[in-house]
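Trainee: So you can see what is in the structure, the chains are spelled out below.
There are 2 protein chains.
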Amino acid sequence: MAEELKIEQKFIDEAKMLCRGAEILPDGFMGLAYKLQKAHNENRPLRVKLGLDPTRPDLHLGHSVVMRKLKQFQDLGHQVVLIVGGATAMVGDPSGKSETRPALSKEQVEENAKSYFEQMSNVVDIKRAEVTNNADWLHSMSFVEMLKLATSTTVAKMLTRDDFAKRYEEGRPISVVEFFYPLMQAYDSVAVKADIELGGTDQRFNLLMGRDVQAHYGFEDFQLAMLLPLIEGTDGQVKMSKTYPEHCISFTDSPKDMYGKLMSIPDELMPKYYLLLTDLDFNKDNNPRDEKMRLAYEIVRMYKGEDDAKTAQNDFVNVVQKKCIPEDIEEIKLDEPQNILDLLLKLGFVQSKGEARRLIAGGGVKFEGEKVASTDFLIDKSGVLQGGKRKYAKIIF
Amino acid sequence: MAEELKIEQKFIDEAKMLCRGAEILPDGFMGLAYKLQKAHNENRPLRVKLGLDPTRPDLHLGHSVVMRKLKQFQDLGHQVVLIVGGATAMVGDPSGKSETRPALSKEQVEENAKSYFEQMSNVVDIKRAEVTNNADWLHSMSFVEMLKLATSTTVAKMLTRDDFAKRYEEGRPISVVEFFYPLMQAYDSVAVKADIELGGTDQRFNLLMGRDVQAHYGFEDFQLAMLLPLIEGTDGQVKMSKTYPEHCISFTDSPKDMYGKLMSIPDELMPKYYLLLTDLDFNKDNNPRDEKMRLAYEIVRMYKGEDDAKTAQNDFVNVVQKKCIPEDIEEIKLDEPQNILDLLLKLGFVQSKGEARRLIAGGGVKFEGEKVASTDFLIDKSGVLQGGKRKYAKIIF
Numbered sequence: 001m002a003e004e005l006k007i008e009q010k011f012i013d014e015a016k017m018l019c020r021g022a023e024i025l026p027d028g029f030m031g032l033a034y035k036l037q038k039a040h041n042e043n044r045p046l047r048v049k050l051g052l053d054p055t056r057p058d059l060h061l062g063h064s065v066v067m068r069k070l071k072q073f074q075d076l077g078h079q080v081v082l083i084v085g086g087a088t089a090m091v092g093d094p095s096g097k098s099e100t101r102p103a104l105s106k107e108q109v110e111e112n113a114k115s116y117f118e119q120m121s122n123v124v125d126i127k128r129a130e131v132t133n134n135a136d137w138l139h140s141m142s143f144v145e146m147l148k149l150a151t152s153t154t155v156a157k158m159l160t161r162d163d164f165a166k167r168y169e170e171g172r173p174i175s176v177v178e179f180f181y182p183l184m185q186a187y188d189s190v191a192v193k194a195d196i197e198l199g200g201t202d203q204r205f206n207l208l209m210g211r212d213v214q215a216h217y218g219f220e221d222f223q224l225a226m227l228l229p230l231i232e233g234t235d236g237q238v239k240m241s242k243t244y245p246e247h248c249i250s251f252t253d254s255p256k257d258m259y260g261k262l263m264s265i266p267d268e269l270m271p272k273y274y275l276l277l278t279d280l281d282f283n284k285d286n287n288p289r290d291e292k293m294r295l296a297y298e299i300v301r302m303y304k305g306e307d308d309a310k311t312a313q314n315d316f317v318n319v320v321q322k323k324c325i326p327e328d329i330e331e332i333k334l335d336e337p338q339n340i341l342d343l344l345l346k347l348g349f350v351q352s353k354g355e356a357r358r359l360i361a362g363g364g365v366k367f368e369g370e371k372v373a374s375t376d377f378l379i380d381k382s383g384v385l386q387g388g389k390r391k392y393a394k395i396i397f
Numbered sequence: 001m002a003e004e005l006k007i008e009q010k011f012i013d014e015a016k017m018l019c020r021g022a023e024i025l026p027d028g029f030m031g032l033a034y035k036l037q038k039a040h041n042e043n044r045p046l047r048v049k050l051g052l053d054p055t056r057p058d059l060h061l062g063h064s065v066v067m068r069k070l071k072q073f074q075d076l077g078h079q080v081v082l083i084v085g086g087a088t089a090m091v092g093d094p095s096g097k098s099e100t101r102p103a104l105s106k107e108q109v110e111e112n113a114k115s116y117f118e119q120m121s122n123v124v125d126i127k128r129a130e131v132t133n134n135a136d137w138l139h140s141m142s143f144v145e146m147l148k149l150a151t152s153t154t155v156a157k158m159l160t161r162d163d164f165a166k167r168y169e170e171g172r173p174i175s176v177v178e179f180f181y182p183l184m185q186a187y188d189s190v191a192v193k194a195d196i197e198l199g200g201t202d203q204r205f206n207l208l209m210g211r212d213v214q215a216h217y218g219f220e221d222f223q224l225a226m227l228l229p230l231i232e233g234t235d236g237q238v239k240m241s242k243t244y245p246e247h248c249i250s251f252t253d254s255p256k257d258m259y260g261k262l263m264s265i266p267d268e269l270m271p272k273y274y275l276l277l278t279d280l281d282f283n284k285d286n287n288p289r290d291e292k293m294r295l296a297y298e299i300v301r302m303y304k305g306e307d308d309a310k311t312a313q314n315d316f317v318n319v320v321q322k323k324c325i326p327e328d329i330e331e332i333k334l335d336e337p338q339n340i341l342d343l344l345l346k347l348g349f350v351q352s353k354g355e356a357r358r359l360i361a362g363g364g365v366k367f368e369g370e371k372v373a374s375t376d377f378l379i380d381k382s383g384v385l386q387g388g389k390r391k392y393a394k395i396i397f
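Protein chains in written order, with this note's numbering: chain E, 1 to 397; chain P, 1 to 397.
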């Protein structure tokens, strides 16, 4: 950070606001304040980069953490630059990871990106964002240019990345091509002239690599890295992910589901959700149940609006807290007896028979108020079927 | 090696002959016999690959070891494929090595390659060889193709290469691009469909990598690696190299120099020179001096012809063994006294003043039969100047 630049209080305040819940490398929020001041002096917006993985287009509240930051930058007049990782998506990921990513066609990438942006527009003003695809510059890279890129860092440095270090240590293979992924992501920062790049804390290495590669390509100022914590799913156990749909809150979830899932989080998770998913401050002196309702209400309001938030809240109070069955439940007419697993799946209470089995095993399925104990259970008469805490259907024969 | 192929004795004999002084991986000479038989059955020649480094176009006897093998393959009707490393030469070598290679222009590469081939034609029939430049396929490689190449091996495997292992161990940097050099060399074996690749024993890793990469590209048979020992310079200390011209025998050396240098090798080096530089067998029961003269005569004969070999031998007997001054020595007229260092350099007895100083310090410089003891010595009268064992000039004032 150059010492001679005088930083106005205004930009220090903005930097502090932008840093809420985030880590800035290097130099913390003052590094960001410096960038804000410099851009102001140069009468230009900051270029705020986010790379998108078009192989996973299902967005959830976990993604909103970084997207909310983008929106804050937009509100301050800065330029958001979204980079669809088309180049890498079209190559696929040959790494030794358990989940290997398949190569996608150009059309699939575009379709996924479109869906991604639609969902993102819940938070970010996509129309004002600069949308790019790194296939545009990476696919046309020549042999000599790629070798130049590969000279920008060393093997030893690459092997300091946590996952590489771990795999190397454990004797698990790392394909040479995997060294190219961080290099390509870093080169994107050269191509779009990023001033700051956002990412999860798991992106620390890649985002800092962007600085090295910008230096290698003769930049005078290097991008800052803004790292945002990954949030846990509603069970508070592991990172929120579509892999565990019951603990994942999607933008497409109904207001009722969203509210209900948020009410199911462990109390310890509340401060983090407040910090990263809302602009509200967690109040530790409040009754935890009330504080959780305030959180759930706020998040549903943000994504679904005030009316839906109210309805969801009322419903929750009626159904869960007063333990009564909601009035507007779905009716389904059956002509013949049906196995409980098939029925739960048909009703959309579960995503798979495996989930249905787990739900039954956990005592979460009731028919006419009685727990269903067996996966062989047959529904052969009219009655109310309950799956989990919040899902009901009226079966009619 | 497939078991079902019956290998004729003829090909076993050929393989044994070709393996003289060489190591074949995998499976030793039987691996080669199998290839020879298979090519014969398929009625095609073997494709015998050698990669050339066009940044170092000065050839010497050290290079002849592998070139002699190429000639043997040619004599058996096989196809020699020479690959000029244009792609890599034009990139340069950014590694942490002490001698960094500069990037060469396309024209420089072509010029060096031309000189290389001229010198090679002392041994190999260049007209019958297939001459290629890997820039032809590497420079046109796309981003996706390069990533495909990079998936063919792992970081851990790369770090087993001796020099990489050593540098990684010692904390010296290895640029990521350096991982590409063995991959590119290996890809050349895909491009030219090599059945066998020749190289020095320091090429073991790279040549075996060729097999892995051929497998990655779906080949059914992989190339054999033929490894040839590096020979020491005439002092028997380090690898023969132009860096030490006094211990290096170039194709362009005069018959007299070549003969004299060969006569200066330590006795222990004779068996290796016989094995790798000639078709003759070393006879340990012979008088070492006679055996060394037979070696020197044979090598001068190979590169300069019978007549020059005889003259060189006679000269050597007269000058060195009978300690008399040869008759046909150069005369040089001086107008004013001259410093001994300058004069040695001017006469071409040495390549540098440093070499001149060493020669004087070692007692190798005589004027009129008297050892020159000081580097300040002035030649100010007529007389015979001797530099080293075999160089004379008549100074005339």
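One should not assume that every hint holds.
Copies of the same chain are indistinguishable here, so a pair counts whether it falls within one copy or spans any two.
[As the list claims (entries may be wrong)] Derived SDA-like pairs (lysine to any residue); straight-line CA-CA distance at most 25 angstroms:
1. 157 - 175
2. 10 - 244
3. 71 - 11
4. 148 - 190
5. 106 - 217
6. 389 - 53
7. 114 - 144
8. 148 - 171
9. 371 - 280
10. 304 - 230
11. 242 - 346
12. 38 - 166
13. 157 - 130
14. 148 - 107
15. 148 - 161
16. 333 - 241
17. 157 - 206
18. 106 - 308
19. 148 - 105
20. 304 - 348
21. 371 - 230
22. 148 - 191
23. 284 - 229
24. 239 - 8
25. 6 - 315
26. 71 - 303
In case anyone wonders, no lab produced these hints; they're calculated from the structure.
Trainee: Each hint needs a verdict: does it hold in this structure or not?
Mentor: Status of each hint after checking the structure:
In this homomeric assembly, residue 157 and residue 175 come within 25 angstroms of each other (Cα to Cα) both inside a single copy, at 16 angstroms, and across copies, at 9 angstroms. Taking the shortest Cα distances, residue 10 and residue 244 never come within 25 angstroms of each other, neither inside one copy (43 angstroms) nor across copies (67 angstroms). Taking the shortest Cα distances, residue 71 and residue 11 sit within 25 angstroms of each other inside one copy (17 angstroms), while across copies they are farther apart (75 angstroms). With identical chains, the CA atoms of residue 148 and residue 190 are at most 25 angstroms apart both within one copy (13 angstroms) and between copies (24 angstroms).
Within a single copy, residue 106 and residue 217 get their C-alpha atoms only as close as 29 angstroms, which misses the 25 angstroms cut-off; across copies the closest is 24 angstroms, which meets it. In this homomeric assembly, residue 389 and residue 53 never come within 25 angstroms of each other (Cα to Cα): the closest approach is 34 angstroms inside a single copy and 73 angstroms across copies. In this assembly of identical chains, residue 114 and residue 144 lie within 25 angstroms of each other by CA distance solely across copies; the values are 24 angstroms between and 33 angstroms within a copy. Taking the closest pair of Cα atoms, residue 148 and residue 171 come within 25 angstroms of each other only across two copies (22 angstroms); inside a single copy the shortest separation is 29 angstroms, beyond that limit.
Within a single copy, residue 371 and residue 280 get their C-alpha atoms no closer than 39 angstroms, and across copies no closer than 95 angstroms, so neither meets the 25 angstroms cut-off. For the homomeric pair residue 304 and residue 230, the shortest alpha-carbon distance inside one copy (23 angstroms) is at most 25 angstroms, but the shortest distance between copies (75 angstroms) is not. In this assembly of identical chains, residue 242 and residue 346 lie within 25 angstroms of each other by CA distance solely inside one copy; the values are 20 angstroms within and 81 angstroms between copies. In this assembly of identical chains, the alpha carbons of residue 38 and residue 166 never lie at most 25 angstroms apart, being 39 angstroms within a copy and 45 angstroms across copies at closest.
In this assembly of identical chains, the alpha carbons of residue 157 and residue 130 never lie at most 25 angstroms apart, being 32 angstroms within a copy and 41 angstroms across copies at closest. Taking CA atoms no more than 25 angstroms apart as the test, residue 148 paired with residue 107 passes between copies only; the shortest distance there is 21 angstroms, against 30 angstroms inside one copy. When the C-alpha separation of residue 148 and residue 161 is checked against a cutoff of 25 angstroms, the pair qualifies both within a copy, at 21 angstroms, and between copies, at 22 angstroms. Proximity of residue 333 to residue 241 under the C-alpha cut-off of 25 angstroms is found in neither arrangement, the shortest distances being 34 angstroms within a copy and 91 angstroms between copies.
Proximity of residue 157 and residue 206 under a CA criterion of 25 angstroms is satisfied in both settings, with 11 angstroms inside one chain copy and 23 angstroms between copies. Taking identical chains as interchangeable, the C-alpha atoms of residue 106 and residue 308 are never at most 25 angstroms apart, the minima being 38 angstroms within one chain and 69 angstroms between chains. Taking the shortest alpha-carbon separations for residue 148 and residue 105, only the inter-copy value of 16 angstroms comes in at or below 25 angstroms, while the best intra-copy value is 27 angstroms. In the homo-oligomer, the alpha carbons of residue 304 and residue 348 lie at most 25 angstroms apart inside one protomer (21 angstroms), although the nearest pairing across protomers, at 90 angstroms, exceeds that limit.
Taking identical chains as interchangeable, the C-alpha atoms of residue 371 and residue 230 are never at most 25 angstroms apart, the minima being 36 angstroms within one chain and 81 angstroms between chains. For the identical chains of this complex, residue 148 and residue 191 are neighbours both inside a copy (14 angstroms) and across copies (23 angstroms), given an alpha-carbon limit of 25 angstroms. Taking the closest pair of Cα atoms, residue 284 and residue 229 come within 25 angstroms of each other only inside a single copy of the chain (21 angstroms); across copies the shortest separation is 76 angstroms, beyond that limit. Neither within a single protomer nor between protomers do residue 239 and residue 8 lie at most 25 angstroms apart by alpha-carbon distance, with minima of 38 angstroms and 65 angstroms respectively.
Taking CA atoms no more than 25 angstroms apart as the test, residue 6 paired with residue 315 passes in neither setting, with 54 angstroms inside one copy and 83 angstroms between copies. Taking the closest pair of Cα atoms, residue 71 and residue 303 come within 25 angstroms of each other only inside a single copy of the chain (14 angstroms); across copies the shortest separation is 77 angstroms, beyond that limit.
Of the numbered hints stated above, those contradicted by the structure are hints 2, 6, 9, 12, 13, 16, 18, 21, 24, 25, listed in ascending order.
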